[in-house]
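**Q** Next come the chains, spelled out residue by residue.
There are 2 protein chains.
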Amino acid sequence: MFADRLIEKIKEKGNPSVMGLDPRPEMIPRCIWGDLGDSDQDTGLAVFRFNRALIDAVYDIIPAVKLQIAFYEALGLEGLRAYGRTIDYARERGLLVIGDVKRGDISSTAEAYRRAHFNGYMECDAITLNPFLGYDSIQPFLQSCSRDGKGIYILVKTSNPSSGDLQDLRVADEYLYQYLAKKVSDWGNPYKGKYGYSAVGAVVGATYPEELMNLRDIMPHTPLLVPGYGAQGGNGSHVVHAFNSDGLGALINSSRKIMGAYMKAEKPENVTGQEFREYARAEALRMKQDIVGELAKRS
Amino acid sequence: MFADRLIEKIKEKGNPSVMGLDPRPEMIPRCIWGDLGDSDQDTGLAVFRFNRALIDAVYDIIPAVKLQIAFYEALGLEGLRAYGRTIDYARERGLLVIGDVKRGDISSTAEAYRRAHFNGYMECDAITLNPFLGYDSIQPFLQSCSRDGKGIYILVKTSNPSSGDLQDLRVADEYLYQYLAKKVSDWGNPYKGKYGYSAVGAVVGATYPEELMNLRDIMPHTPLLVPGYGAQGGNGSHVVHAFNSDGLGALINSSRKIMGAYMKAEKPENVTGQEFREYARAEALRMKQDIVGELAKRS
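Chains as they are written, first to last, in the numbering used here: chain A, 484 to 782; chain B, 484 to 782.
With the rest of the complex left out, here is chain A (with noise of 0.2 Å):
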């Protein structure tokens, strides 16, 4: 059961932050490309050793990885093999990995959707789902919700600044947002585990605190994905609000300052592989301290 795994990930590590892994080509050091070329092979290579690198720097004190597919489609078919063997290499190191695809389509698309992400080469814990096309698409993950143990994150209120183009839409006395927060939370009913939370989780950005405090209210059950720390602007007052006074029930993500946490360095064209690894693990604490600090104010 994916919620009840992710809670014991977090009070493992007391650490309810994800590293997001959205490689750039560009922002990948020299000491990781090492004598690598620019062939589209050697560049999914290298863009494997960062992830590989960063999950080293990490994997003993968060509980999940977030893979951002767009940057792996990007780089060709040998992006989506370092896609595959990122998640291959994150659950040797004992992490979740969520697939951030935000996939939507008619069901029986959607169901192809589903075996291309939660099986074979690609498959995750859990993924992002767009709810645009309502319930018929999101149903064929719901099954693997609960026979396979699998989990999915449907968008309710993204971090983004058009956000609020849709999803701030007034329906009747409320936002198009908290109306489906309360489908999200209903769809999630049936597939909770023994700590109350659902399969069935929400994304909300970290950069509308009131909104998040909002829906935390509005889905207590559902676990919440929350994009938007740090390089977006959110920080841990901001997203102390999308956890329930149990202390749980979110899971916050950061990918551009942990990944570049060594432009920091001097001269960050010449760090080594252990430096590298040494800023992105101090960004990675000081994030923890951040949001466990925020959390141990408000108890």
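These aren't lab readings, by the way, just hints derived from the structure by calculation. Be careful, since some hints might not be right.
Identical copies carry no separate label here, and so any pair may be met within one copy or between two of them.
[To be verified] Heads up, simulated EDC-like pairs for lysine to aspartate or glutamate below, C-alpha to C-alpha not over 16 Å straight-line: (1) K666 x D648; (2) K675 x E491; (3) K780 x E752; (4) K494 x E761; (5) K665 x D648; (6) K677 x E491; (7) K675 x D487; (8) K780 x D729.
Here the structure is a predicted model, which is why all the values come from computation and not from measurement.
Please arrange chain B on chain A, whose structure you already have, making use of the hints.
**A** For chain B alone, coordinates are given in the frame of chain A:
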């Protein structure tokens, strides 16, 4: 300019229908498998041969093909290799290629998806996009519309049974899909070609004919991509509402009915390659007559 190229192809072929290539291994006939086994590589090759046979059967009578990427993703890396090879082959045969990818993400990620689907081995002439994240998730693709002659189709009212869950919500005095249609029309205004149609299109399902008629009025300059014809229940009398009085402005998709036309054979498992192509071509011609006939009735 995508809309111009599309209109010219439609006029050349006298046919506004597009063949959907959504292959499932279990629907590929024995004559195409030949001596291939069931390894990932052989399955990918069978999928490519299946698509190639379908393209060979109809390339001279249709303007475009649409590939639903989910069915390729479900087959792993070899499935995506077949996706890329099919795109290449369709273009060699003079067809426009629409990638039905329904991607939608925050701007920096949208930019990665733009690179993935408008460049490299998966480069399409147009792709479908999901608008749930609002304008900044669409914006990177607009640049490709003006700079690279690409096109996009934004989901407005989808063909599936649950499409009303969000799309039919009441927003002020209209439906969400109507509100969105106005946005899509506005977003597309700066990207009109010489025939008056924009590079920014919309997906509107054939299964909701009244909504289709209404959306055609709201978005007079927006090319429509209309799924749901055939296996999903739409027919010529439904989809005729997708066209403007100039007889243009819509592309009607059929996937399962053309791909699976050979199932009408007495012993489908024994069809030859030539019979397979003849069944597909007969169905594509029937569909063309159905739509062109309905258009003629109206004028």
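**Q** In ascending order, which of the hints set out earlier in this document are inconsistent with the structure?
**A** When the structure is compared with the hints, numbers 3 and 4 turn out to be violated.
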